[in-house]
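Chain by chain, the residues:
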Amino acid sequence: MSAIQKAPNRPLSTYLHKRPNTRLVALLALPMTWLVGVYIISLTLLLVTAFWFIDPFTSKVIPGFTLENFVNIFTVPAYFATSMRTLGIAIAVTVVCILFAIPLGIFMAKIARPWVRNLLAVAITLPLWAGYLVKLLAMRLTFTEEGLFNWLMAPFGISGPGFGIPVTILTLAYLWFPYMALPVFTAIRQLPLNLFDASADLGAKGWPTVFRMVLPLITPAIIAGSVFTFSLSLGDYLAARFVGGSTQMIGSIIASNINLNPPVAAAFSMVPIAFVVMYLMVARRTGSLERM
Amino acid sequence: MNQGSSKSSTAPSQTATLSAVSLKALNKNFGDITAVSNLDLEIPQGEFFSMLGPSGSGKTTVLRIIAGFETATSGQVFLEGSDVTELAPFDRDVNTVFQDYALFPHMSIQLNVEYGLRARKIPKAERAKLASQAIESVKLTHLADRLPHQLSGGQRQRIALARALVLRPKVLLLDEPLGALDKQLREEMQVELKRIQREAGITFIFVTHDQEEAMRMSDRIAVFNHGKIEQIGTPREVYESPASSFVASFLGVSNLISGAAAKELFGSDQLVNVRPERIKLLKESSKVSEGEIGVKATITDVAYTGANTLYVLESDGGLRILATRLNEELPGQELGLEAGDRVLASFRKEHVAKIPN
Numbered sequence: 009m010s011a012i013q014k015a016p017n018r019p020l021s022t023y024l025h026k027r028p029n030t031r032l033v034a035l036l037a038l039p040m041t042w043l044v045g046v047y048i049i050s051l052t053l054l055l056v057t058a059f060w061f062i063d064p065f066t067s068k069v070i071p072g073f074t075l076e077n078f079v080n081i082f083t084v085p086a087y088f089a090t091s092m093r094t095l096g097i098a099i100a101v102t103v104v105c106i107l108f109a110i111p112l113g114i115f116m117a118k119i120a121r122p123w124v125r126n127l128l129a130v131a132i133t134l135p136l137w138a139g140y141l142v143k144l145l146a147m148r149l150t151f152t153e154e155g156l157f158n159w160l161m162a163p164f165g166i167s168g169p170g171f172g173i174p175v176t177i178l179t180l181a182y183l184w185f186p187y188m189a190l191p192v193f194t195a196i197r198q199l200p201l202n203l204f205d206a207s208a209d210l211g212a213k214g215w216p217t218v219f220r221m222v223l224p225l226i227t228p229a230i231i232a233g234s235v236f237t238f239s240l241s242l243g244d245y246l247a248a249r250f251v252g253g254s255t256q257m258i259g260s261i262i263a264s265n266i267n268l269n270p271p272v273a274a275a276f277s278m279v280p281i282a283f284v285v286m287y288l289m290v291a292r293r294t295g296s297l298e299r300m
Numbered sequence: 161m162n163q164g165s166s167k168s169s170t171a172p173s174q175t176a177t178l179s180a181v182s183l184k185a186l187n188k189n190f191g192d193i194t195a196v197s198n199l200d201l202e203i204p205q206g207e208f209f210s211m212l213g214p215s216g217s218g219k220t221t222v223l224r225i226i227a228g229f230e231t232a233t234s235g236q237v238f239l240e241g242s243d244v245t246e247l248a249p250f251d252r253d254v255n256t257v258f259q260d261y262a263l264f265p266h267m268s269i270q271l272n273v274e275y276g277l278r279a280r281k282i283p284k285a286e287r288a289k290l291a292s293q294a295i296e297s298v299k300l301t302h303l304a305d306r307l308p309h310q311l312s313g314g315q316r317q318r319i320a321l322a323r324a325l326v327l328r329p330k331v332l333l334l335d336e337p338l339g340a341l342d343k344q345l346r347e348e349m350q351v352e353l354k355r356i357q358r359e360a361g362i363t364f365i366f367v368t369h370d371q372e373e374a375m376r377m378s379d380r381i382a383v384f385n386h387g388k389i390e391q392i393g394t395p396r397e398v399y400e401s402p403a404s405s406f407v408a409s410f411l412g413v414s415n416l417i418s419g420a421a422a423k424e425l426f427g428s429d430q431l432v433n434v435r436p437e438r439i440k441l442l443k444e445s446s447k448v449s450e451g452e453i454g455v456k457a458t459i460t461d462v463a464y465t466g467a468n469t470l471y472v473l474e475s476d477g478g479l480r481i482l483a484t485r486l487n488e489e490l491p492g493q494e495l496g497l498e499a500g501d502r503v504l505a506s507f508r509k510e511h512v513a514k515i516p517n
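From first to last, the protein sequence lines stand for chains A and B.
Counted the way the numbering used here counts, the first sequence spans residues 9 to 300.
Counted the way the numbering used here counts, the second sequence spans residues 161 to 517.
Relax, there's no trap hidden among the hints.
Okay, the calculated bits of chain A under chain B, using three or more residues with CB under 8 Å as the criterion:
#1 203-211
#2 220-229
Distance condition first, Cα-Cα at most 25 Å in a straight line; then the derived DSS-like pairs of lysine-lysine:
#3 B:299 / B:343
#4 A:14 / A:26
#5 B:509 / B:447
#6 B:456 / B:443
#7 A:213 / B:289
#8 B:284 / A:213
#9 B:284 / B:299
#10 B:281 / A:213
#11 A:213 / B:330
#12 B:289 / B:330
#13 B:514 / B:388
#14 B:330 / B:354
These are calculated hints, taken from the structure and not from any lab test.
Ideal placement from N, C-alpha and C gives every residue a C-beta, glycine not left out.
Whenever a hint applies, use it, and build me the whole structure from the sequences.
Encoded structure:
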């Protein structure tokens, strides 16, 4: 039997094959242009702008150097309170997502029949397919004065919290839940079933099993998920605007200053970034990032 | 703790009569598949009991039902006389050593062994002391601070054992615990397990598909097939007097003879078994002595396996016979039999085991 013929010569492939450096440049040209040209430069510009100031008379942005924008974040009570409120909301959203994701993940991964599991997986990712505003509107309709929640709860004498911080937290949790639920579900699914058997065999009931076995083992997934729920919540302002009543978040301040006072908006943009960096540093200290 | 397997006169009279585990009319179905079928079983205290069978024979399912990981479709499970059929695993005084050890990967060896003590709310200092003792008893004190993945398979195996034994269970369940180890380590662990079982005086229920392992370690063996126990007995009983052709062929090598060939040789067509090591190979012209049966045959294959040589024979009546001979002499000083040689295969009548149908 004769050998199968080689493919015809390709001059370009041959040329690249001999020059690894050229090959590397060809490979990275596009992503590096995007990363450096668009991503890093724009972020740097944002940082630089935060040190500029505005001419009080002409309202024109003047390049220069002042720390006043940053000082204001701490000294103007409304600004500082908003930063702390946003941090609190982002933490609450993350906690709510974790509380929902773990039992759901255990059920999906270890108990549900395959078709139920698939159905739930679709149900969890469904919100990702719908538009952002559609979801806000849905929550608005649910929690409005004559909305579904009040109607359902009326027989029990319970009335909804109205638009405010709690509904903002619920809305953000609803928006970002898939980012927590999917990694948590995947992590729990990867836990060998016999670890659950072993835990029960050694005398541990449900709660101790979750706290001492499941939770430590899925911490990397929770951190991965919380990076999303936490940072997306920190940056959001539309939820506060549509279901938050008078609630202001960092995003609200940025949005209202984006034209009026870009240096203040830029300085405030650094706050969520600072929070996320601090969060990642804490996460790193616990050693969870190495296992991600 | 040290009741031992010997009948101790100081032991309370009730423990002498109560079975450690007893199963009554146990059934387990997975959908249409019957995993365990109407099983009754009594395992006395302090016994090293093996459940032996091919994969899918139901032995692991029975173990999991005793542990509480599976619920029986019907039937009852008793531990030292009390009905535990409805109890969760964490409420049963049994512990399990899993096939792949199931150590908690994020916990040190010390914390793994403390896990069960912690669940039982033993104070911290006491817990640490008991765990250290258990780790010492499997000779791994120097590894107490390591994580499971830093240990070898054999070491993990010992830790799994220590983790279960530190709770002093009434019964220890072992689900093919040596399956993942290489041959040499497996044999070491067999001796080790047997020693631990003797010293702790705990009933061991040992699931395996390795008949040699089961015979080497067990007081009694239950041979499983298709969700039923085909035979229960001491290793000697199940090997020498198999209750079925399945048992005869699953334990060791067998020569099952039935029908016309049996009628010609033994005067009855009942199924019988002759073990290959009981068959002697003589010169074709030899005469068999009183009480022996001789079959003229041709050697079709010879396989040297180190300690033994396996001969495959075909009798003049068309019967395929396996014979093994111990290689007591150096090569060349043996009979020097080769494929194609004519021999007289002979065996004593009392070595013919009748197999009930």
